[in-house]
Amino acid sequence: MADQQHEWILRLGDDALVLAQRLSEWCSHGPALEEDIALSNIALDLLGQARALLTLAGQREGQGRDEDALAYFRTDREFRNALLVELPNGHFGDTIVRQMLFDQFAVLRYEALASQTVDLELAAIAAKALKEVRYHAAHSAQWVVRLGDGTEESHQRVQESLNVLWPYTAELFEDDAVSQACAEAGVLPLNGSFTARWTEQVRAILDEATLTCPESTALLTGGRSGKHTEHLSYMLAEMQVIQRTYPGAEW
Amino acid sequence: MTQEMDLNQRFEAYIASDQKIEAKDWMPDAYRKTLIRQISQHAHSEIIGMQPEGNWITRAPSLKRKSILLAKVQDEAGHGLYLYSAAETLGITRDEMLDALHTGKAKYSSIFNYPTLTWADMGAIGWLVDGAAIMNQVPLCKCSYGPYARAMVRVCKEESFHQRQGFQIMLNLSNGTPEQKEMAQDALNRWWWPSLMMFGPNDASSKHSEQSMRWKIKRFSNDELRQRFVDMTVPQAELLGLTVPDPDLKWNEATGHYDFGPIDWSEFEQVVAGNGPCNRERIETRVAAHENGAWVRDAAAAYAEKSAERASSQTSAA
Ligand SMILES: [Fe+2]
Ligand SMILES: [Fe+2]
Ligand SMILES: [Fe+2]
Chain L
1 MADQQHEWIL RLGDDALVLA QRLSEWCSHG PALEEDIALS NIALDLLGQA
51 RALLTLAGQR EGQGRDEDAL AYFRTDREFR NALLVELPNG HFGDTIVRQM
101 LFDQFAVLRY EALASQTVDL ELAAIAAKAL KEVRYHAAHS AQWVVRLGDG
151 TEESHQRVQE SLNVLWPYTA ELFEDDAVSQ ACAEAGVLPL NGSFTARWTE
201 QVRAILDEAT LTCPESTALL TGGRSGKHTE HLSYMLAEMQ VIQRTYPGAE
251 W
Chain Y
1 MTQEMDLNQR FEAYIASDQK IEAKDWMPDA YRKTLIRQIS QHAHSEIIGM
51 QPEGNWITRA PSLKRKSILL AKVQDEAGHG LYLYSAAETL GITRDEMLDA
101 LHTGKAKYSS IFNYPTLTWA DMGAIGWLVD GAAIMNQVPL CKCSYGPYAR
151 AMVRVCKEES FHQRQGFQIM LNLSNGTPEQ KEMAQDALNR WWWPSLMMFG
201 PNDASSKHSE QSMRWKIKRF SNDELRQRFV DMTVPQAELL GLTVPDPDLK
251 WNEATGHYDF GPIDWSEFEQ VVAGNGPCNR ERIETRVAAH ENGAWVRDAA
301 AAYAEKSAER ASSQTSAA
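Those sequence lines, one after another, are chains L and Y. Quick note on this note's numbering: the first sequence kicks off at 1 and runs consecutively. Quick note on this note's numbering: the second sequence kicks off at 1 and runs consecutively.
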């Protein structure tokens, strides 16, 4: 159980870290100054969550790894994030649809984590994160609606984003031995238990945005066991370059 | 004619008595134009200035450093916003100002046309560039134009955090491995002279200074501010154990200031003229962001319009 707990927290931390890294790539490239600031804000929140979660994962692992050891000295095969969050940013519509799909899931997951009483350290991190991701979820949903129900061009663009990203969403709800152990311990219900509410909420947003929910049942998965897309390794090469070039230095 | 003279005299007297001019007050055209030029240039500098530091966010060497740098660059975007808003009170739109930036009609601080080559540049920029910006900007908190002065109060509060985080990076590097220390020295070598140039031409050849001083848009001369910066920074470099790249630099007992060597103004003029190492990239990146975002801004505008229509047809139906 102890091993699997560490593994579970890593999944949460890596989701936050990898998405934060992607969003920070937007800095000074946003469609308007206000949106540049908003995306940086979300990236900062996620980075804060990642730091708290990776620190906790390192403590639970008990091998002396801190947040930076985990962020900078693991390979892509050792990262545990869902594939959705590592996908390249694409255009603003791609980024915002990815964000909406993830935010809706993150809210449900943090709600459950914040209200359990088995792992109080994790509950405290989740309670703080929950306030943040609720704001993110409102922001990304609002943008999906604006773009979906904006111009003909924006509608087409985000419908296409949605079609491309949809097959990556099912992975969020997959369960395996790790998530089952966590559910049995009472830390978090099975991922599958979030499917219905997530689907309902996402459909409501898509309806308001006049977008069509894809029918695709394709399932692109592998992140939780370290089998990622080709994109992650490039992201890590960039993120880890200084630490790996000057091992042992303090910054 | 006489009425105009009256207004002018009252305006000058008002400023002389240290009162603030507000957006709706009468002001001479030249005052308005000077302010628009200065405030928009300042806003553009904040926005373009995001790029050299943004360049290292994804590669920051620790999660803590990443988070501090991201917050810093985000602040600069916020400064751009406050300043564009302050300029808008003078009767120009943000779109017009951005257009002037994108077409090369408007200037921004030349310092941002230098490349950031190593992580130490994040330290040097915070320490020196934000440090020089503070020197320039603190007096602007008392500038005669109210909206600008108030924007600068908010900006300056954040700038001191920027300078501290830069100095902290330099301190860590200076106390680090030999490679890190070398990185820090190299960054100081490259950023020192461009930082001194941030204060603008020598007083003798500065074309806007005199009137701006009278109008209290400017409170100290370029050379005064530059000297203050040198006096403040040299002891800090000593604290870091780094060498300022100026063989003529020495303490002058008689004046109580540091003497320093001549600035290579031909380099400054080259960079201002658009021939710096990164002028083209900076503008291209800015223009690309703007153009790639056009469909997003259009969509937001179209959606806002539709929503307003729906709201008004609902109220009229009710
Ligand atoms: Fe700034
Ligand atoms: Fe500034
Ligand atoms: Fe700054």
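The set of hints was computed from the structure by calculation and includes no laboratory data. Each hint should be verified, as a subset may be incorrect.
[Claimed, not checked] In silico BS3-like cross-links for lysine-lysine, where the CA-CA straight-line distance does not exceed 30 Å: (1) L/K131 <-> Y/K207; (2) Y/K181 <-> Y/K107; (3) Y/K157 <-> Y/K142; (4) Y/K157 <-> Y/K306; (5) Y/K306 <-> Y/K24; (6) Y/K20 <-> Y/K181; (7) Y/K142 <-> L/K227; (8) Y/K157 <-> L/K128; (9) Y/K216 <-> Y/K33; (10) Y/K64 <-> Y/K207; (11) L/K131 <-> Y/K142; (12) L/K128 <-> Y/K64; (13) Y/K157 <-> Y/K33; (14) Y/K157 <-> Y/K64; (15) Y/K64 <-> Y/K20.
Here is what the structure says about each hint:
1. L/K131 <-> Y/K207: Outside the cut-off at roughly 52 Å; violated.
2. Y/K181 <-> Y/K107: violated, 35 Å
3. Y/K157 <-> Y/K142: Status holds; Cα separation ~14 Å.
4. Y/K157 <-> Y/K306: Not OK: Y/K157 and Y/K306 at ~40 Å, beyond 30 Å, violated.
5. Y/K306 <-> Y/K24: violated, 33 Å
6. Y/K20 <-> Y/K181: Judged against 30 Å, a Cα distance of about 47 Å means the pair is violated.
7. Y/K142 <-> L/K227: Cα-Cα ~59 Å, so violated.
8. Y/K157 <-> L/K128: At roughly 27 Å apart (the allowed maximum being 30 Å), L/K128 and Y/K157 satisfy the hint.
9. Y/K216 <-> Y/K33: Roughly 15 Å between the alpha carbons, so the hint for Y/K216 and Y/K33 holds.
10. Y/K64 <-> Y/K207: violated, 44 Å
11. L/K131 <-> Y/K142: violated, 39 Å
12. L/K128 <-> Y/K64: holds, 18 Å
13. Y/K157 <-> Y/K33: holds, 27 Å
14. Y/K157 <-> Y/K64: holds, 21 Å
15. Y/K64 <-> Y/K20: violated, 41 Å
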